[in-house]
Amino acid sequence: MLVARGLTKEYKSGTQHLTVLDHVSFDVPAGAFVSIVGPSGSGKTTLLGLLAGLDTPSQGSVSLDGVDLNTLDEDARAKLRGEKVGFVFQSFQLIPTLTALENVQVPLELSGTGTVREAATRATDLLTRVGLGDRIHHFPQQLSGGEQQRVALARAFVNDPRILFADEPTGNLDGTTGERIVELLQELNRERGCTIVLVTHDPALAARTQRTIRLRDGVIVEDVFHTATHQHAPA
Amino acid sequence: MTTATLLRLAWRESRTARRRLALYMSSIAFGVAALVAIDSFAGNVTRSIRNQSRALLGGDMALQARNAFPAVIDTIADSLRMANVPMARVTTFASMALAEPAGTTRLAQVRAVGRGYPFYGAVETVPADGWARVHDDSIAFVDASLLVALDTRVGDTLRLGKQRFTIAGTLGNVPGDAGITAVIGPRIYVSERWLPSMGLLQFGSRAEYEMVLQLPASQQSTSSAALVARNLRRRIDPVAAALQEAREARGDDNERAGPGGGEAEEDTTVTLPLGVDSSAALATADSSSDTRSATTDSASAATGLSTRTPATRVRVRTVADTEEDLTEAVLRLADFLSVIGLIALLLGGIGVASGVNAFVSSKIDTVAVLRCLGATSRQVMALYVVQAAAMGLVGATAGAALGVAVQFLLPKVTGEFLPVDVAIQLEPLPLLLGLGTGVWVSLVFALRPLLALRRVSPLQAIRRNADPAALPSEWRDGARLLVDGLLVGSVVAIVLSRIGNVREGLATTAGIVAVVGVLWVAATLLIALARRTTRPSWPFELRQGIANLHRPANQTRAVTLALGFGAFLLSTVYLVQANLLGTVQATTSGAAGNLLLFDVQDDQAPPLDSLFRARGHEVVQRTPIVTMRIDAINGRSVTELQADTTVRRAGWTLRREYRSTYRDSISASETLASGEWFAPAADRNAARAANPDAPFALSLETELAQDLGVSVGDTIVWNVQGVPVRTVLANTRTVNWGRFEANFFAVFEPAALRRAPQQFVFIANVPAGDALSTVQRDIVRRFPNVSSLDLTLVRQTIGNIVDRVTLAIRFLGLFSLAMGVPVLFSAVAATRRARLREGVLLRTLGASRRQVARVLLAEYAALGALGALTGMLLSFGGAWGITTFLFDTPFDAALGPTAIIAAGMLLLTMLIGWLTSRDVYRETPMMAIRDAG
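Protein chains in written order, with this note's numbering: chain G, 72 to 306; chain A, 191 to 1123.
Calculated directly from the structure, the hints in this document are not laboratory data.
Ideal Cβ positions, reconstructed from N, Cα and C, are used throughout, including at glycine.
Among the clues, some could well be false.
As the list claims (entries may be wrong) - What follows is a set of in silico ranges between Cβ atoms, one per label pair, in the way DEER data are often shown:
no.: 1; chain 1: A; residue 1: Arg205; chain 2: G; residue 2: Gly204; range: 49 to 55 Å
no.: 2; chain 1: A; residue 1: Ala194; chain 2: G; residue 2: His208; range: 17 to 23 Å
no.: 3; chain 1: A; residue 1: Ala194; chain 2: G; residue 2: Gly246; range: 40 to 46 Å
no.: 4; chain 1: G; residue 1: Gly183; chain 2: A; residue 2: Leu1105; range: 40 to 46 Å
no.: 5; chain 1: A; residue 1: Ala1089; chain 2: G; residue 2: Gln212; range: 33 to 39 Å
no.: 6; chain 1: G; residue 1: Gly183; chain 2: A; residue 2: Phe598; range: 22 to 28 Å
no.: 7; chain 1: A; residue 1: Asn241; chain 2: G; residue 2: His208; range: 24 to 30 Å
What the hints assert, rightly or not - Counterexamples of contact, computed for chain A against chain G with all Cβ distances above 12 Å:
no.: 8; residue: Thr195
no.: 9; residue: Ala558
no.: 10; residue: Gln569
no.: 11; residue: Leu719
no.: 12; residue: Asp834
What the hints assert, rightly or not - If we take Cβ atoms under 7 Å as the criterion, some of the chain G residues that face chain A in the derived model are:
no.: 13; residue: Thr116
no.: 14; residue: Arg152
no.: 15; residue: Gly153
no.: 16; residue: Phe158
no.: 17; residue: Phe160
no.: 18; residue: Ile166
no.: 19; residue: Thr168
no.: 20; residue: Glu173
no.: 21; residue: Leu255
no.: 22; residue: Glu258
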């Protein structure tokens, strides 16, 4: 599903070169639930950005569902994201001017999938699925943090993405609420067979995924499969 | 994404920003309002002129002359009468009106009209049925203001010359008369049958003669009327008609100064019925000066060729001529006003650009999320361009509505100045044009900042630390270059389309570009200065405030531009007004005496002198006036000179009638430009005794000498009512025509003209009150043809006109201030988000509200001071240019008042800065962090 080969990201700061990621390679098979962990500045978010095609690597390549992202320009990558990728952010990133329902509909509208009515039905179903069936016409600021993140989850799944990227999805939530979000992620992963890659600080959350990739100073220092029997050495 | 989806998403997404976006877009409203109001009103006026053009002329055709009609006109009148063509004569002249038995006097404009006039439209009177009796009795209809001035009422007796009239009613609307004429000199309408018994029209009297015709229905069309007019011209003066037809065939009938003096006699004279010639005010400048006004009488007086043409030039005017002249005058005025509208529109564009800039920086997060969710940059652009266009439409619609409102109000302000009743109605074309221009300008100006949204990276959604405002930009960005080109192209195209004349259009564009350029450079210098001069020793608030001027994504340039432009406009309008009004005041205060007498005949001068002397009043000035024409220059006759195409001469200078004077000394309003003033009288007399045939010394006004192509030492032979007078040009003078005095093109040494038939202008000093009115009354009784004018009244009259003009200028000033405010709001709002975030951070770190306020005040004070000062300096340049080149008056920089305007602008900036940032003071740090986060 997701293949990273020799991913390197360097930043120029004046005359200095800063290597944030250094030749990172790994594979994520379809349907997997993978967490990426590591301390601040270890390159987690950079890696997530590269994997989702939000940014381009200095070296190396990412293949998403068989498509080499390096061969696409930004707009083509956006289109690919619209079709195959879902996102969940730490700060929810709902569009403040749209209602919960409208927020969930956006990806469908951007990609032009289905009729307006179909999009609305689908979005309502998903919102009901995450437990917000009675709050679909509320604006983000009228919802609690947990509710907002559930709207974000519904939005991420509305396009039936092949892969979902989550950046600290519970980072802004209290324990119980975060727990509920993780459960939802797991359920949706199981129900829809969607690949999930999440970045987190939280070891408890990481432990609940099938596999944890640990980064430090831009290299993979550990790659653990929690439920499987074999273990990879860092690439 | 389908268009419907795009529109739906754009509508939803704009939910909370609509009001803010509409505010930014409202910057455009004033420009659109100005354009719509000006264009619609011009449309209304030209339409009204078209509908009322027959009434304006009073008939289908008019023959007009400044002197009594030549005999050929009587012949023509006879043959027209045989053909049953209705016609009426109208004679207009200034005369003293004497109320009896009160004995009060007032200079008035008398119109003696023939039976049947006007053939179209009606003379409105109170009582309404009064006009029907005008030819039956010796009755007069007068302006209500005359009743007040003379302290009389309807039914009293009014004496004009030797004829007594009963005042039968007051005048209302008369076709072709603008209301303002009554301010200059009240009107009196009487029947023409009383002309002989009034005995007012004597030698040299200034009167306008008109014969109005009503053509048979079959000949009323424009082409038939033109044909009739041509035939009439041929009969009146075959040679002149042939010359003009030849010129028309060449297509240069408007040429005024060509070799041989080509000039279109009929078409160059705009007889706007503003009463210029019969105006009391201008009558004093009498002699030749009024030929320099816009409504030059040069054409009609240009009979010069005494050898072949009749002494009186008769103009034949058709309805189409009247319509064309008036429409042209109105359109020129509209063009001039358009410049204000244009500037408002462009200033609005700048407001839109800075407002949208602010809008863009608040939308970066949303765009990043949309990009994560799969939106292409094209979709993002489309989303926000649709929003900007919609809000531009809202702004332009608001502007158009305001414009229509102003259009309906304008007749109340301008009605008195216009000769037609303006029928106000909605003009669809100007409305659509204003709307279209407004939407286009707001869109073009919004596009540039919107382009930045293409560069928003989806990474922004997960990287919260990137500075959202500092979006990377590339110089060689194709789309941006395209938008820049579109912007410049649109501005030039709009300016050129508004100002029809390419040269003036380009000059206006250049002026606007120069002002923008100077402001831009000033802002850039301020940014550099702020970066260099900040010292650690300064108080924290000041350092922080000044640092804001050069921090990334600062709005220093936008605010300076908006503010500077506003200050520039306001200050320029003020300076031009102050300078022009200064001139007018100097004009009216120039004359030494308070009673002016004109049309004094040769034999009336001595008895008038003794009349004044007997009552102990001083005659301050007694100026003789002699009428004459040029016969030859340097031995070549006028005919010969006109045929000579090798020398450029203004034709009118050769043909016109000159009203000249003679005296020994140069007057206070003149300065010697070349040569030397006349020798002392004793020397001249001695020289003349030695050589009686020597030419007389002559002084010419500088520009006239240039137009005639003569210089000191050249000889000119004048035809002084049949007697040739040989002169040699001794010197040239520059003349301040604005002074309230009798000024002349040609001044002779006294010996040359002393014995010529002449008239006099007297200026006397008579104590105001009873003495003055008694003198005026006695003069009217003894010398009915002599007009007298109380200069105090004239000053009041001019004061009245000045007040009206001042009101109009103040309105323009206020308008430019009003249009600056939303622009300033937009510019300041652009930095609001950054200021809020920073203010909140400072407060979280323990800064008091007062400290945060001081930081903001320091920044806005610096911005306001720079914008206001630069605008003020620029306005000195602008106002100097306008007064010097457009109005030809000296420029005086009124430092004090402009400094007050600048200070006002500074305070306004600080106030707006404080208003837009007041959330920082109002909210708790925690709440604000949530909002701004």
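Does the structure break any of the earlier hints, and which numbers would those be?
1, 5, 6, 7, 8, 9, 10, 21 and 22
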